[in-house]
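Novice: Residue numbers (my numbering), protein chains in the order written: chain A, 1 to 86; chain B, 1001 to 1457.
Misleading hints may appear alongside valid ones.
Lysine to aspartate or glutamate pairs mimicking DMTMM-like chemistry, simulated, CA-CA at most 20 Å apart [stated by the list, open to error]:
1) Lys1165(B) x Asp17(A)
2) Lys1165(B) x Asp22(A)
3) Lys1315(B) x Glu1220(B)
Residues from chain B shown here face chain A by an in silico Cβ test under 8 Å; the list is partial [claimed, not checked]:
4) Thr1143
5) Ser1147
6) Arg1150
7) Tyr1153
8) Pro1168
9) His1169
10) Ala1177
11) His1276
Keep in mind that the hints were calculated from the coordinates and are not lab data.
Please read all numbers here as calculations on a predicted model, not as lab measurements.
All residues carry an ideal CB built from backbone N, CA and C; glycine is no exception.
The chain contents come next:
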Amino acid sequence: MPSLMIASERQAYDRLDSAIRDAHGDGKLGVLAAHYAEGGALYENQGETDAACFFWTQAYIFALDAGIDDLADTMRAKLDVCGRMG
Amino acid sequence: MPQATKKMTRLCQAGPAEWATMLEVDGQRGVEGRTMTDGMTRMDGDQTLNADLEKTSRPIGEASGLPNRCYTDPGHFALETARLFDRAWACIGFAKDIPEPGDARPIDHLGRPLLALRGKDGEVRVFHNVCSHRGMVLVDEPTRIRSVIRCPYHSWCYGMDGALKATPHVGGPGHNAHAAIDRATLGLREVRAAVWFDLIFVDLSGKAPDFESFIRPLAERWFPFDQAELRHAGEDGSFQLEVRCNWKLAVENYCESYHLPWVHPGLNSYSKLEDHDNIVEPGLFSGQGTRVYNPQLSNDGRRFPDFESLTASPKPVTDVWRTRAEYVALYPNVLLGIHRDHFFAIRLEPLAPDLTREHVEIYFAGNAALGADFADLRQTLKTMWHEVFVEDVFVVEGMQRGRASDGFVGGVFSPVMDEATHAFHRWTADRLLSSGGTPDDRQPDLSHGRPSLPEAV
C-alpha cells in the first residue's frame, strides 16, 4: 500500500481489503472480480502500476472463471497496455 | 539365450507398469492363489501365468479358464489396467451426465483422474484432469464451467477446448507471461474419446484402432435402433450396485444364459433356456440373445413405445426384433441390453481386484415413455432389472470367494453353453499375452465362427 495517502484513501483501501476477504470466504467470483478491479483502479490512480497490475490480474482471472466476459476483456486490455500478458 | 538374458529382454520389452509386477519377490500371491515360496520371483510367476493364458487361449473344448491370480492379485490388476483397458476403448461414463454445454464431470478411471466435458459446440471431450503446471487435479466434483477451468492451486486457466488461456503472475506479481512458459504447448492433454449409445469411451493409449472400426460390428448388428431416439429415464432409470468380485466375473456371468433357469427362475417363466442363443464376435463382444422377448409390465395392456427406427425397418427386421432381445458384453467393461422398447447399459468400474461398481442406466425410445402416464411402468421396469441384477450378486461374489481355493485351477467351458464366456476369456488371455504393440491393431479372429445374427438381419 502506498506510504503517502490521505485518510479517505486509506479508508477506501481498508474497506476494499475487508470486502475482498469476505468475498473470498463466500466464494463469490463475480464480486471478487469487481472488488479486485476496483483495487486496480485505486492503485492506478496512485501511479502504482505493479500493484494495479496485480489487482487487474486477480480481477481478470476471477472474471474469466465467473464467465463475466466484458470485465475479463477490460482487465485483459489494461494488462495488455502495461505489457503484462506476453 | 541364457535364462537371465531372456528375463532382462522381457524387462526391457515391458513397460514400467509391468516392471513392479515382474520384479516383486517372495510373499506375493501367485498363480492359483498360492503364495510363492522363497527364491521364487514374480517373473517365474509370470511364466506360469503365460502358460496358463496359453491354455485359456485354446479352442473351447481344450481350454482352461483364467487362473485365480487374474481375479485376486493386485499386481495382475495393474497389468490388466495397462493391457485390457488402456489399449482399448473403455467406457468411463455416460453423456447424459453432462447434458449442457459447459457441464464437466471428474472421473476416476482406474486411478487416473479424467475430466469429461461438454464443450460450447455440444461435443463431449475428455481430458486428463490435471494442471500442466504442478499436476494439481483441476475439477473435484461435477460442475458447470462458465468460461474457463481454473486450477484451484495457482489459478492457471484452461478453455473448454483445453487450451491454456491464462497463467496469472507466472512472471512475477502482475506479470502474466514468461518466456519459459509456452502456453501453446501447455494445454490440457486431451484423451481420444467417442460417444456411442450415450456411452463415453476413451482410448488412453491413443493407439487403439479408430472407434468406428471398433464399434462397427455391434452398430451394424443393432442397426435398426437409432441412438438418436434414446432418452434416459432419469431417476427411474439409474442405480448402482457394488459387488465384491473382480470385474471380469460380472462380464462372464452377464454374457451367458446357462445360469438363467437356476439363478433367475422368474425370467425362466417366460424366457426359457432353449429360447436363448449365443452371440460371439471374437475380440470385440459376446453375449446371449432371446427369441421370446415379450414385455408385459402392466395389467392394462400399456407398454413402452418401440423404437421408431425399428418400426420403420423392413418387415423381416421388425419381425425378428418384435420378440428378440440381446445382452452383450462389449469388451472390456460395458454390459448392454437392447429390446424393441428400451435399452440399458451397465458400466463396470473396477475398484479393486475383488470389488466392482456397476453403474446401471436405462433408456427408452423417444419422449413419450418419459411421460407421467408411464411413470408406474418405468418404476416396474427399473425394479425388475434391479431384482435380476441383485440375483446375480451371490453368484459373482461366490465365484470370487472360490478364486481363493487351491482346488480350482481355472475351470472348463461347455462348448455348447459357455461359448460367450470363453470368447471373453480368450480375448483377455490374448491381450495379456501381448506385451507390446496394440492388440486392437489386429483384425478380430474369425476362426471361431461368425456371430449368430438374427436370420432376417
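Novice: Decide, hint by hint, whether the structure agrees.
Specialist: Results of checking the hints against the structure:
| no. | hint | verdict |
| --- | --- | --- |
| 1 | Lys1165(B) x Asp17(A) | violated (27 Å) |
| 2 | Lys1165(B) x Asp22(A) | violated (27 Å) |
| 3 | Lys1315(B) x Glu1220(B) | holds (17 Å) |
| 4 | Thr1143 | violated (11 Å) |
| 5 | Ser1147 | holds (4 Å) |
| 6 | Arg1150 | holds (5 Å) |
| 7 | Tyr1153 | violated (13 Å) |
| 8 | Pro1168 | holds (5 Å) |
| 9 | His1169 | holds (6 Å) |
| 10 | Ala1177 | holds (2 Å) |
| 11 | His1276 | violated (53 Å) |
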